[in-house]
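Place chains W, C and L on chain H using the hints.
There are 4 protein chains.
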Amino acid sequence: MLVVMHSHATPQQIEQVVAAIRRMGLTPHPLPGPTRTAIGITGNISVIDPRTLEVLPGVLELIRVTKPYKLASREMHEADTYVRLPYTTIGPGTFTIIAGPCAVENEEMILRTAEFLRQQGVNLMRGGAFKPRSSPYTFQGLGQAGLDILARARQRTGIGIVTELMDTENADAVQSVADIIQIGTRNMQNFSLLRRVSHSSKPVLLKRGMAATLEEWLMAAEYVMAGGNYNVVLCERGVRTFSDHSRNTLDLSVIPPAKHLSHLPILVDPSHGTGKRDYVPAMALAALAAGADGLLIEIHPDPDHALSDGAQSLNFESFRCLLSALHRLAEPLGKTIN
Amino acid sequence: MLVVMHSHATPQQIEQVVAAIRRMGLTPHPLPGPTRTAIGITGNISVIDPRTLEVLPGVLELIRVTKPYKLASREMHEADTYVRLPYTTIGPGTFTIIAGPCAVENEEMILRTAEFLRQQGVNLMRGGAFKPRSSPYTFQGLGQAGLDILARARQRTGIGIVTELMDTENADAVQSVADIIQIGTRNMQNFSLLRRVSHSSKPVLLKRGMAATLEEWLMAAEYVMAGGNYNVVLCERGVRTFSDHSRNTLDLSVIPPAKHLSHLPILVDPSHGTGKRDYVPAMALAALAAGADGLLIEIHPDPDHALSDGAQSLNFESFRCLLSALHRLAEPLGKTIN
Amino acid sequence: MLVVMHSHATPQQIEQVVAAIRRMGLTPHPLPGPTRTAIGITGNISVIDPRTLEVLPGVLELIRVTKPYKLASREMHEADTYVRLPYTTIGPGTFTIIAGPCAVENEEMILRTAEFLRQQGVNLMRGGAFKPRSSPYTFQGLGQAGLDILARARQRTGIGIVTELMDTENADAVQSVADIIQIGTRNMQNFSLLRRVSHSSKPVLLKRGMAATLEEWLMAAEYVMAGGNYNVVLCERGVRTFSDHSRNTLDLSVIPPAKHLSHLPILVDPSHGTGKRDYVPAMALAALAAGADGLLIEIHPDPDHALSDGAQSLNFESFRCLLSALHRLAEPLGKTIN
Amino acid sequence: MLVVMHSHATPQQIEQVVAAIRRMGLTPHPLPGPTRTAIGITGNISVIDPRTLEVLPGVLELIRVTKPYKLASREMHEADTYVRLPYTTIGPGTFTIIAGPCAVENEEMILRTAEFLRQQGVNLMRGGAFKPRSSPYTFQGLGQAGLDILARARQRTGIGIVTELMDTENADAVQSVADIIQIGTRNMQNFSLLRRVSHSSKPVLLKRGMAATLEEWLMAAEYVMAGGNYNVVLCERGVRTFSDHSRNTLDLSVIPPAKHLSHLPILVDPSHGTGKRDYVPAMALAALAAGADGLLIEIHPDPDHALSDGAQSLNFESFRCLLSALHRLAEPLGKTIN
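Residue numbers (the working numbering), protein chains in the order written: chain H, 1 to 338; chain W, 1 to 338; chain C, 1 to 338; chain L, 1 to 338.
Isolated chain H (complex conformation):
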């Protein structure tokens, strides 16, 4: 932490800041310069609110030096994290596909999708039983009945299940079915929910909030890890910007800095990221080339009649094409699709 004083700051003002730092139990280090003084701070800085010093007289600005996350940080834990699942592992070297419908609509479509995915060598299926919808008047998911359908598909086909948890009430139910618990973009900072899954034995797929900085996203991961659950998988799904050519702005450029700052694996969801099925394959290939560890992607046996998000879902045939393009691209990149 560094306090930068105004060039006109008086010695008294500097002394006042120094004293305030000492009162916090921290150590001030004044650094007089030709035009102004800066004051370095050492000690356990995480306990203070930096802005408290910022409003003292003579202070120009306050600069934070260390990152507030620890467990999620590569500084603290250099080696890449691999999230190990019954049939597959998510992490560098492999490129993991998680595919399936936006919502569980009925047993038949889930079984068809699970069987199709197994034939294609895909080991994880997504599908929502609880759906966060922006309108109270649209389909909200099948709830427990949807979870039961997923459980039967898992049992019948051996496919792993990724499904969203929206509230703590359903945590036990979702956890008993899911191989990975998904936390959606609107809940990235639902701290009660994060604390709940931090005690779960199941890995957590943490979608980036619509307007979350990389630091806020890693802080959300830190919540899960601080409770003891170290199996966190990040998932970029598009952010909110002025740009209106797609539903969201898929931020592939977050992948290199996320890999640089954290050891956690990162997936990309090109379906929500673009909102349009025609744009999904290009973004899926780009995610692989950009260094992502896998995809979360929407497919549907009959997208034009899907109950939600059909417009961004691939049909089976388009998905098969994409998968084969991914296989061709993975080889020169030294990755294996799984």
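Please keep in mind that the hints were generated in silico from the structure rather than gathered at the bench.
Check the hints yourself; a few may be wrong.
List time: in silico PhoX-like cross-link candidates among lysine-lysine, alpha-carbon distance up to 25 Å [what the hints assert, rightly or not]:
(1) Lys202/C with Lys70/C
(2) Lys70/L with Lys202/L
(3) Lys202/W with Lys70/W
(4) Lys67/H with Lys70/C
(5) Lys67/W with Lys202/L
(6) Lys70/H with Lys202/H
This is chains W, C and L only, laid out in the frame that chain H set:
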């Protein structure tokens, strides 16, 4: 709803779209033009996902005509909503101040603040017992003990209480103390929570999500209203933009369109909106001039030692100055501060 | 400038950074801490590109301490700047109205507008002879003929003229007519144009770029001032965000920090900021309350038939109402409308 | 164009809108629906400002149906545009590399770079003689001397030159040296400059504005094409968002919609897009996979001593590695690097 066909769309493609609309139980109205055909749709459009039509061959784009919210809309309910509370009413003509600390820290400071506010003619106090914090390592609020303190302050001073609800678990506890239940910016689309407070008898203060459009915000209000709770108060608190001169970009320009599209009252939170106490008074006055129905504002007996957000809190003296400036400004605007 | 080293940085890496700083002719000040070392830098830092150090091995991040602008900064020049014009002065204490049509359409409407404004006590008229339009197929302004009309209106009514300069070719022509030269939002970083007006004897109204940070805006002002023209007036006109309820997001919250960091006067353009005449008066009043030094506002004798931006222009009657509301509000704020 | 009436609009209000449309020389088509009336408009809509109708009483909103650009649109011109240059062609099927330093610093480094690029099979070199810099106090480019150096490098090595034009004054000088004239992000809506290069015989590389929507970008291309210069190459270089993990947010997701809406080739600039050399290779590979037609990329013989933007420049060795990775990736994508 309007489907705009590509200028090269074939008659077969147009016919296919017409048929798809009919299959949805809706009525298509083809409108041939000089360069392209558009197809109007009438019927109960709210049941369909517009993007389903968008991906049919020959379709250029799909344009939604009606708003998805009803109860929150001024079209359905022309008269302004007034939220009536034991000691005051929120709505046009008055300008309601809700002031208090970010977090309940101890009984003494809450009592001091409540008494000070009553002396100033302020009838509602804010204060968080449950705090959403971006780091798991910082002060998370006193929880139930904080609610108890608020309840005692209410009983002793007669001040109304505004406090945040973060999860459904604590809904009963918060509801029993609060005169207004606050839903924070990170929970604006926590639909489980919205559904829970939609069954509450207490009014709901709904903060705008950090990256929420006005429509999404009104849809969140619709969730609360659809469950039967019509006492919703909107609260603008700054949005997330590229702009880095303040903590958030306080969007005062949302007030006129919010008033135009909805009958709900709207408050402004200049404390979170700016993040810096020096900028709070100017934005508070601007909110009044812009047509807001009140303020949610942070004050603290000793901001420099606050456990959270001290840098954006006014001390009592600054608040008193602001209040008197608000009184002077309210008169020519034909409003009464309460 | 502060270089923050990685917690695992080796002594060699630290030494390498120290040496790199010395090679730049600057002085390094290593500050060893419990978990990492930071290195302060003093000297003429403005000559270096900070990111050059950022990529050295072991460097975590690089933090800039001083602002890159000098002449525009309040640190260098504490007293408020007043821009003095033949009939009025722009700066704190007064609230200056600049009103008029988006574009000069013909002599009759300009004369009518100028006479109307003079009757209302307004001393500055805006009107574009050269119009930046996003489509090459729409009305681009009358050019020199438009300037001639403005010159005649000035001569006849004594009103001051504010008009936009789009390129260096027309600099002499615009300068000979304008009392204030306007630089539009799309040209805020047209550095050739900024350099040209930096040699002009006329004040410059510098609109904020659509996606400009406050620092970039002040740097653009610095370009004008560095050439010797100290009469710069800032003008906020809305920025580009995800928010879609108005044409742009009018950022009134930039006013307090702009006043804090710079001594230059700042106006607000609520017409472009909102894009809708119904929303203009509320934002004009809010700008006054927020501490702005005046308004740039579009009015038109017959907005529904304007050649450009009619939808955001007030007619004379609405403007008169707004003006009287501004007068009522100015008094308790201790300002004079001029 | 579609005018949507308020559900409470009176027959008189509807008639008034119909009349206003007729007065504009256009044809109104009223479409009564169960809850409201909409009015379609046909005719030469490009001449009107849509917002003029929007403010008539009873109008809820106004919806534009056709795109304002024509020449840049794929609807008008289905086949892909190929920009043919002396040594290479930019367009689908090939992936064109344009590499070189941010700024021309001296003859020696330009010659070294040109020779290195020719050895690597790269046919186009970038390098700025005129530099748009946000501070007036930093290196602004060598100007005409820089152009002379580029001309000699072209003559000696046969490499094609891509260099930026910042103002109309230098148009002839830049045009005589450049094989492609670059228009920078800050000048995307410098309409005087666009008009000037619209009369040039040289192709134009049009960088996307920092906050430009895809439509505004294509409208800027339309300016160039409307003047007769059809050889426009788009270049994505990152946009301005709330996200702070990189200098800009590189928007690779604009590639599929740009290809869908326009026939123009599109390049990606991962150097400005990320601002950090470590992140450049991943984004370069992702651009190729996403369907871009090439790269604009910064390299420097000695990045740590570059006069500008060294932190985002690759050195020769890193560039060679990237190039070989691009070759490996191009093959399965059916593209040729040139």
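Verification of the supplied hints:
Taking the CA atoms of Lys202/C and Lys70/C, the gap is about 21 Å. The hint holds against a cut of 25 Å. Distance check on the hinted pair: Lys70/L and Lys202/L sit about 21 Å apart at the alpha-carbon level, within 25 Å; holds. With a C-alpha separation of about 21 Å, the suggested pairing of Lys202/W with Lys70/W holds against the 25 Å cut-off. A distance of roughly 31 Å separates the Cα atoms of Lys67/H and Lys70/C; the hinted pair therefore is violated under the 25 Å criterion.
The straight-line distance between the Cα atoms of Lys67/W and Lys202/L is roughly 48 Å, outside the 25 Å bound, and the hint therefore fails. For the hint pairing Lys70/H with Lys202/H, the CA-to-CA distance comes to about 21 Å; that is within 25 Å, so the pair holds.
The structure fails hints 4 and 5 (numbered hints given earlier, in ascending order).
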